[in-house]
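**Q** Here are the chains, one letter per residue:
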Amino acid sequence: MASVWGPRVDRPHLSPPDELVASAIGGDPQAMKELIESSYSSLYRFLFFLSGSEPLSQDLAQDTLLKAMESLPRLKEPSKYRSWLNTMAKNLFLDHLKAKKNQDHENWDDESTVTSFKSQSLQEDEQQDILLIRDTLQKLNPDYRSLLILVDMEGASYIEAAEALGISESALRSKLHRARQEFLSLYKKSATF
Amino acid sequence: MNKPTAEERSLEQTSKDLMRPAAKLAVSAPPFLAQRILAQLETNKQQRKQVTWWRWAALLSPAVSLVLVLGLLNFNLSTQDPLSHEEANFTALTDRAYAVRVELEEVETIGAQRVQILLPEGVAFFSRDYPELAEKNSLELELDPSLNLEALPFVISSSHEGIKRVLIRFFDSDSNLVDEKSVSIHFKSSSEAKKKG
Chain P
6 MASVWGPRVD RPHLSPPDEL VASAIGGDPQ AMKELIESSY SSLYRFLFFL SGSEPLSQDL
66 AQDTLLKAME SLPRLKEPSK YRSWLNTMAK NLFLDHLKAK KNQDHENWDD ESTVTSFKSQ
126 SLQEDEQQDI LLIRDTLQKL NPDYRSLLIL VDMEGASYIE AAEALGISES ALRSKLHRAR
186 QEFLSLYKKS ATF
Chain W
214 MNKPTAEERS LEQTSKDLMR PAAKLAVSAP PFLAQRILAQ LETNKQQRKQ VTWWRWAALL
274 SPAVSLVLVL GLLNFNLSTQ DPLSHEEANF TALTDRAYAV RVELEEVETI GAQRVQILLP
334 EGVAFFSRDY PELAEKNSLE LELDPSLNLE ALPFVISSSH EGIKRVLIRF FDSDSNLVDE
394 KSVSIHFKSS SEAKKKG
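The listed protein sequences derive, respectively, from chains P and W.
One rule links them: number in the numbering used here = place in the first sequence (from 1) + 5.
One rule links them: number in the numbering used here = place in the second sequence (from 1) + 213.
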């Protein structure tokens, strides 16, 4: 049955409609279900490149969505849902790091264990590109990583990204510039090997 | 805010171009994820009610001087203080903890889903395990039938003398007041009580 919110398609780089978020905030179970399903892909992607680990990304994505649905009544502006969700995801990841005292490049997967590659039938060169991006990002600190994922990968606006990271827009711009410089430098080194 | 320089714009574009393959990593939510999350939400909600109840039950301190038993529809009256110009249901001492027990036999009959206890000035909830409850002048609890509560106990103490009226209110699922009971307790200081012998 077609959803009242439109066909169920993955919406990379797009926020769920405000009406859907508002209904979910109001406790509509169907809207909450739609919101969970439409949020998962970009949330998983954010966490995959943030954590570098597929199993951890899956766990954290589910934890984030559970926490988000519990906290939805506290979200006053539906339009801020995506940045709010990303903030929650990032904080859960950082909590995980503190709790496990892991190095953040631990649990790297090679292409044979990233099952989502197989489910999407990605070509080998596409897989290599994705792994190179992931591996390069893991060499950056989590703040830079989050910035690059949100803005350059997910297409978040500067305002959205600043809200998600709890910094001003001007601080975000300068941080983003440094993050890009560092990322490109590391990427070029990795790509030449 | 200053406009981005040419270098900044170039860097931005290069970074975004390099990140583009990452967008191909698009996965669908695992099967039944939404159902599992919504089921977990419901479980967590039920557990919170349980925790709230046990926190409430911790109000029943073993240091009880007197048990004041209130039936939902009837009061058990103790001896009234003849010197009081206002009738009190019970007499008690200041700075001593007293357990109040509200029978809940009739709650389903009146459709009560939530109970609220309001304390007057000078009277506080008493709990050794949760001393912070003393700062509250009201407490609420959802009456979940699955908890099979026969009675609602709480412990109070008054630092002030005089007749104090504790209100117990019952609300239905729409937050309508369906019943209200009160108990008046005449608190006296122990020195005053000794004078009267």
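Think of the hints as simulated: they come from the structure by calculation, not from any bench.
Just so it is clear, the structure is predicted and the values come from calculations on it, not from any experiment.
Accuracy of the hints is not assured; some may be wrong.
Unchecked claim - With a straight-line cut-off of 27 Å between C-alpha atoms, the simulated DSS-like cross-links for lysine-lysine are:
id, chain 1, residue 1, chain 2, residue 2
1, W, 237, P, 180
2, P, 85, W, 237
3, P, 38, P, 103
4, P, 105, P, 81
5, P, 105, P, 144
6, W, 237, P, 144
7, P, 85, W, 216
8, W, 258, P, 193
9, P, 193, P, 180
10, P, 144, P, 194
11, P, 38, W, 258
12, P, 180, P, 85
13, W, 401, P, 72
14, P, 72, P, 103
15, W, 229, P, 193
16, W, 216, W, 258
17, W, 229, P, 81
18, W, 394, P, 144
19, P, 180, W, 216
20, W, 237, P, 38
21, P, 194, W, 394
22, P, 180, P, 144
23, P, 194, W, 349
24, W, 401, P, 85
25, P, 105, P, 38
26, P, 193, P, 144
27, P, 180, W, 394
28, P, 103, P, 144
29, P, 105, P, 85
30, P, 72, P, 38
31, W, 349, W, 401
32, W, 401, W, 258
33, P, 85, P, 72
34, P, 85, W, 394
35, W, 216, W, 237
36, P, 180, P, 103
**Q** All hints are to be evaluated individually against the structure, with a verdict given for each.
**A** Hints, verified against the model:
no.: 1; hint: W:237 <-> P:180; verdict: holds, 26 Å
no.: 2; hint: P:85 <-> W:237; verdict: holds, 25 Å
no.: 3; hint: P:38 <-> P:103; verdict: violated, 31 Å
no.: 4; hint: P:105 <-> P:81; verdict: violated, 33 Å
no.: 5; hint: P:105 <-> P:144; verdict: holds, 19 Å
no.: 6; hint: W:237 <-> P:144; verdict: holds, 22 Å
no.: 7; hint: P:85 <-> W:216; verdict: holds, 25 Å
no.: 8; hint: W:258 <-> P:193; verdict: violated, 50 Å
no.: 9; hint: P:193 <-> P:180; verdict: holds, 20 Å
no.: 10; hint: P:144 <-> P:194; verdict: holds, 12 Å
no.: 11; hint: P:38 <-> W:258; verdict: holds, 18 Å
no.: 12; hint: P:180 <-> P:85; verdict: holds, 22 Å
no.: 13; hint: W:401 <-> P:72; verdict: violated, 50 Å
no.: 14; hint: P:72 <-> P:103; verdict: holds, 19 Å
no.: 15; hint: W:229 <-> P:193; verdict: holds, 15 Å
no.: 16; hint: W:216 <-> W:258; verdict: violated, 50 Å
no.: 17; hint: W:229 <-> P:81; verdict: violated, 32 Å
no.: 18; hint: W:394 <-> P:144; verdict: violated, 66 Å
no.: 19; hint: P:180 <-> W:216; verdict: holds, 16 Å
no.: 20; hint: W:237 <-> P:38; verdict: holds, 24 Å
no.: 21; hint: P:194 <-> W:394; verdict: violated, 77 Å
no.: 22; hint: P:180 <-> P:144; verdict: holds, 16 Å
no.: 23; hint: P:194 <-> W:349; verdict: violated, 62 Å
no.: 24; hint: W:401 <-> P:85; verdict: violated, 56 Å
no.: 25; hint: P:105 <-> P:38; verdict: violated, 31 Å
no.: 26; hint: P:193 <-> P:144; verdict: holds, 13 Å
no.: 27; hint: P:180 <-> W:394; verdict: violated, 62 Å
no.: 28; hint: P:103 <-> P:144; verdict: holds, 18 Å
no.: 29; hint: P:105 <-> P:85; verdict: violated, 30 Å
no.: 30; hint: P:72 <-> P:38; verdict: holds, 14 Å
no.: 31; hint: W:349 <-> W:401; verdict: holds, 22 Å
no.: 32; hint: W:401 <-> W:258; verdict: violated, 42 Å
no.: 33; hint: P:85 <-> P:72; verdict: holds, 16 Å
no.: 34; hint: P:85 <-> W:394; verdict: violated, 45 Å
no.: 35; hint: W:216 <-> W:237; verdict: violated, 31 Å
no.: 36; hint: P:180 <-> P:103; verdict: holds, 23 Å
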